[in-house]
Amino acid sequence: MNKYLAIIDSKTLLLSVVCIAVTYVCFRYNIAYDLNITLFSIAVIFPLVFTIREAFKRRDNALKFLSQFKSSLCSVHYCFEQCKKLSQEQRTEVSQLLDRASSQFFDALRSEEADIRPAEDSVNEIIHFIKRNDSAISNSLALKIIRFVQDVNDGMENTICLKMHGTPISMRAYCLVFVFLFPFVFAPTIVYHLPDAPLLLTYGLSVLHGFILIALYNVQVQMENPFDQIGLDDIQLDEFRFRALPPA
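With the working numbering applied, the sequence shown closes on residue 230, and no number is skipped along the way.
It cannot be assumed that every hint is accurate.
What the hints assert, rightly or not - Heads up, simulated DSS-like pairs for lysine-lysine below, C-alpha to C-alpha not over 27 Å straight-line:
id: 1; residue 1: Lys52; residue 2: Lys66
id: 2; residue 1: Lys67; residue 2: Lys113
id: 3; residue 1: Lys113; residue 2: Lys(-7)
id: 4; residue 1: Lys66; residue 2: Lys46
id: 5; residue 1: Lys39; residue 2: Lys52
id: 6; residue 1: Lys66; residue 2: Lys126
id: 7; residue 1: Lys67; residue 2: Lys(-7)
id: 8; residue 1: Lys67; residue 2: Lys46
id: 9; residue 1: Lys39; residue 2: Lys(-7)
id: 10; residue 1: Lys(-7); residue 2: Lys66
id: 11; residue 1: Lys113; residue 2: Lys46
id: 12; residue 1: Lys(-7); residue 2: Lys52
To be verified - Quick list of the computed label-pair ranges, beta carbon to beta carbon:
id: 13; residue 1: Arg223; residue 2: Phe193; range: 49 to 57 Å
id: 14; residue 1: Glu139; residue 2: Asp16; range: 50 to 58 Å
id: 15; residue 1: Asp89; residue 2: Arg10; range: 49 to 57 Å
Just so you know, the hints here were simulated from the structure itself, not pulled from any lab data. Glycine residues also receive a C-beta, built at the ideal position from the N, C-alpha and C atoms.
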């Protein structure tokens, strides 16, 4: 239930208060006018829909990069498992390195700092492992592993870039400003068109329209960071984590 209430925050309460206050002022001082709010609605709805759509695109791209990250880690693991000249202890060491790199990377995605250097260091240990055991690992296998390690690094860099660079901040600020301006345009209009309606209905419609707009804005904000495991549509990071398998 807490996740479903994530779109309700202090801004939701503040906008509801603004809607009620503006509607009260309209009744108190007989402020009402017949204004076509379609254009103003477009000025609010269009940027909201645009930013939500872009946030979903970023989420989809993150899923692709995370899939690349996990599949490349698994490929590195399988390459070492097929190298019979390596002892079971050495193969287990590689598997644990991959597990550690995976955990460090997802810890970075969940954090605000997004520092992936520990994960990169763990991945680079794979290259050092190859150099230390070049007598047991053929050149062709080493080149294949290095190619998969490159894909691992590509997946990490692309994913962290999506986390660090979101949709335009100025667009979100624009949306928030117009969301809070909307009651000042909508409330006098609804008072004009519903002069004989019950007060509860008029206030309710005013608050409802404000709630819809701020809820859409909060959905977009939640989608900005699909890695923090707070929103309903966040990426399930555990599904992409590499886990070391026990020795056969």
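To see whether the hints hold, each was checked on the structure:
| no. | hint | verdict |
| --- | --- | --- |
| 1 | Lys52 with Lys66 | 23 Å, holds |
| 2 | Lys67 with Lys113 | 15 Å, holds |
| 3 | Lys113 with Lys(-7) | 56 Å, violated |
| 4 | Lys66 with Lys46 | 32 Å, violated |
| 5 | Lys39 with Lys52 | 20 Å, holds |
| 6 | Lys66 with Lys126 | 16 Å, holds |
| 7 | Lys67 with Lys(-7) | 62 Å, violated |
| 8 | Lys67 with Lys46 | 34 Å, violated |
| 9 | Lys39 with Lys(-7) | 26 Å, holds |
| 10 | Lys(-7) with Lys66 | 61 Å, violated |
| 11 | Lys113 with Lys46 | 31 Å, violated |
| 12 | Lys(-7) with Lys52 | 38 Å, violated |
| 13 | Arg223 with Phe193: 49 to 57 Å | 37 Å, violated |
| 14 | Glu139 with Asp16: 50 to 58 Å | 55 Å, holds |
| 15 | Asp89 with Arg10: 49 to 57 Å | 55 Å, holds |
Hint check: violations occur at hints 3, 4, 7, 8, 10, 11, 12 and 13; the rest are consistent with the structure.
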